[in-house]
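S.K.: Chains as they are written, first to last, in the working numbering: chain A, 10 to 418; chain B, 4 to 160.
A portion of the hints provided could be inaccurate.
Said to hold, decoys possible - Derived SDA-like pairs (lysine to any residue); straight-line CA-CA distance at most 20 Å:
| hint | chain 1 | residue 1 | chain 2 | residue 2 |
| --- | --- | --- | --- | --- |
| 1 | A | 77 | B | 140 |
| 2 | B | 149 | A | 278 |
| 3 | A | 77 | B | 53 |
| 4 | B | 149 | A | 259 |
| 5 | B | 149 | A | 372 |
| 6 | B | 149 | B | 13 |
| 7 | B | 145 | A | 274 |
| 8 | A | 259 | B | 62 |
| 9 | B | 145 | A | 278 |
| 10 | A | 77 | B | 79 |
| 11 | B | 149 | B | 138 |
| 12 | B | 145 | A | 373 |
| 13 | A | 278 | B | 138 |
Unchecked claim - Have a look at the derived ranges for each label pair, beta carbon to beta carbon:
| hint | chain 1 | residue 1 | chain 2 | residue 2 | range |
| --- | --- | --- | --- | --- | --- |
| 14 | A | 159 | B | 17 | 53 to 59 Å |
| 15 | A | 216 | B | 80 | 35 to 41 Å |
| 16 | A | 349 | B | 11 | 20 to 26 Å |
| 17 | B | 156 | A | 159 | 34 to 40 Å |
| 18 | A | 309 | B | 6 | 25 to 31 Å |
Note that these hints are calculated values from the structure, not bench results.
Just so it is clear, the structure is predicted and the values come from calculations on it, not from any experiment.
A virtual CB, placed ideally from N, CA and C, is assigned to each residue, including glycine.
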Amino acid sequence: MRDPIATAVMANPVRSAFGPGRDGQVVVNIGPSHPATHGTIQVIAALDGEKVTRVDVHCGYLHRGFEKECESHTWTNVIPYVDRLNYCSGLINNFAYCEAVEALLDIQITPRCRYLRTLLSEYSRVADHLTCVAASLMELGAMTAFLYLVMIRDYIYEHLAALTGARVTYTYGRIGGLARDLPEGWLVRLDEILVQYEDFIGRIHGLIDRNRIFIDRTRDVGVISSTDAINWGFTGPILRSTGVPRDLRKDAPYLAYGELDFEVPVGIKGDNYDRYYVRMREMDESVHMIRQLMDALPAGPINVDDRRCVLPEKHLVYTEIESLINHFKLIMDGPQVPAGEVYTAHEAPNGELGFYLVSTGGGMPYRMHVRSPSFVHMGGVHRLLEGYQLADVIPTFGSVNMIGGECDR
Amino acid sequence: MLTAALEAMRERLRGGIGEVALVRGMLVLDVEPAVLLRTVGDLKAEHGFDLLLDITAIDWPGRTPRFDVVYHLYSTRHFLRIRLKVRVPESDPTVDSLATLFGAARFHERECHDMYGIVFRGNGDLRPILLYEGFDGHPLRKDYAKQDEQPLVRYRR
Chain A
10 MRDPIATAVM ANPVRSAFGP GRDGQVVVNI GPSHPATHGT IQVIAALDGE KVTRVDVHCG
70 YLHRGFEKEC ESHTWTNVIP YVDRLNYCSG LINNFAYCEA VEALLDIQIT PRCRYLRTLL
130 SEYSRVADHL TCVAASLMEL GAMTAFLYLV MIRDYIYEHL AALTGARVTY TYGRIGGLAR
190 DLPEGWLVRL DEILVQYEDF IGRIHGLIDR NRIFIDRTRD VGVISSTDAI NWGFTGPILR
250 STGVPRDLRK DAPYLAYGEL DFEVPVGIKG DNYDRYYVRM REMDESVHMI RQLMDALPAG
310 PINVDDRRCV LPEKHLVYTE IESLINHFKL IMDGPQVPAG EVYTAHEAPN GELGFYLVST
370 GGGMPYRMHV RSPSFVHMGG VHRLLEGYQL ADVIPTFGSV NMIGGECDR
Chain B
4 MLTAALEAMR ERLRGGIGEV ALVRGMLVLD VEPAVLLRTV GDLKAEHGFD LLLDITAIDW
64 PGRTPRFDVV YHLYSTRHFL RIRLKVRVPE SDPTVDSLAT LFGAARFHER ECHDMYGIVF
124 RGNGDLRPIL LYEGFDGHPL RKDYAKQDEQ PLVRYRR
């Protein structure tokens, strides 16, 4: 008889942690390309009837050598790459990365930039949660809810496109500031979208919150305790759904969060329903924050006045030699970042998004590592899947909101 | 507020664990490989660093020992982070696994093994995670050139 493990090595790019055939267990393979797993991920599940007894999660199908690639790009040229980590909320990646580099450069961003970054982070969080909730509802068959939510998300995407020029991959953050200031009338449209958001989110609450089918599929499914969640490194909505009010925006306020009034919603028992509800409530808090930020948005420049990282104005580049050389050096050599290392974390929609940068001085990172929440969550997701039905794999995965770009880097 | 908390924690660690540096709002500690497991166990049990954020490595070719293995921990009680660094040589890139203390260590260590070839003693599951079975080399080592190509993989049925 052939050794099953050796066969597996030949036949597969992954080696499963367990083989089929023991104790009458059936092993099924889901993914990596499967219509119901948003994101390219492979789940190998051992079944006892319909019950999942053991799960082996394989990621890496979207690995594109992000960290290696960064080591040969200037600090500025890394920004488009970080967009593509969590591509549902690229702006938060931008700002977290820029803040890490600014910490190495010892730069304080301007008040207007700080407020705009906070506003756009929260706006991105709404878009990200909308995507997550919409997709997980659709997978449970709620097509109307999906269309309502994705419609609002699309308003947000197009609104952000008016600001940044792109719907998803914005590349809007800059070291020391932002790419450009708000266009004319942007805040007026923002207000309109927030009103529409409230209208449609109200409909979702009406359709879903007390819906028998939804509750049966999500209540007491994919339960995790606070202790387990912390042990497996869970952060963000998953940790909060277990009742632990940990949120970096509150615990160690960065950007303008220290000046805002908001709550940290938590769940009761850490099941799929709680994760849905925590995300819904977080969006409301984000909208509340966006309104405060709109009212208090200070005037002034968006970029710091620092020639080490901010490009000189275009008309100066064309008229004076110092600015021309400054521009040339910044583009060709990159900003000269002093030697040192820094770890900066932001509260991304999925949890703690950390950038660990090591500089040896010069225009390119020596080492760049991303602490991506999705990757960590994949390390513990088996705790949410084991013991439940095979059909629960999909809604649980939806509620975890694995983002391939961020998980596999 | 944060600075005061950091100083207080630093003072507290001075007695139990040793002198901790303060770099850009982060506690930083160099640890000998032999005492890593005990130090992290102490940090978790005595000082409230209960969330393992991240494990990664840095390659310094030409330096002996060649690798830094870097750990980031977070305290959900004190809202502080600590960075631990362990130096391991190229000839024997082995450190103790933290999988007994933190479930989250398993995936991080698999990734670090993929990328740098660091061996985590006690982690029974160091299968490739971001790379595939049969990948040749460790791509984040500095001597792995960006344009290096992998051998062709046999057609998989």
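S.K.: Any of the earlier hints contradicted here, and which numbers?
M.R.: Hints 2, 3, 4, 6, 7, 8, 9, 10 and 13 are the ones this structure does not satisfy, whereas the remaining hints hold.
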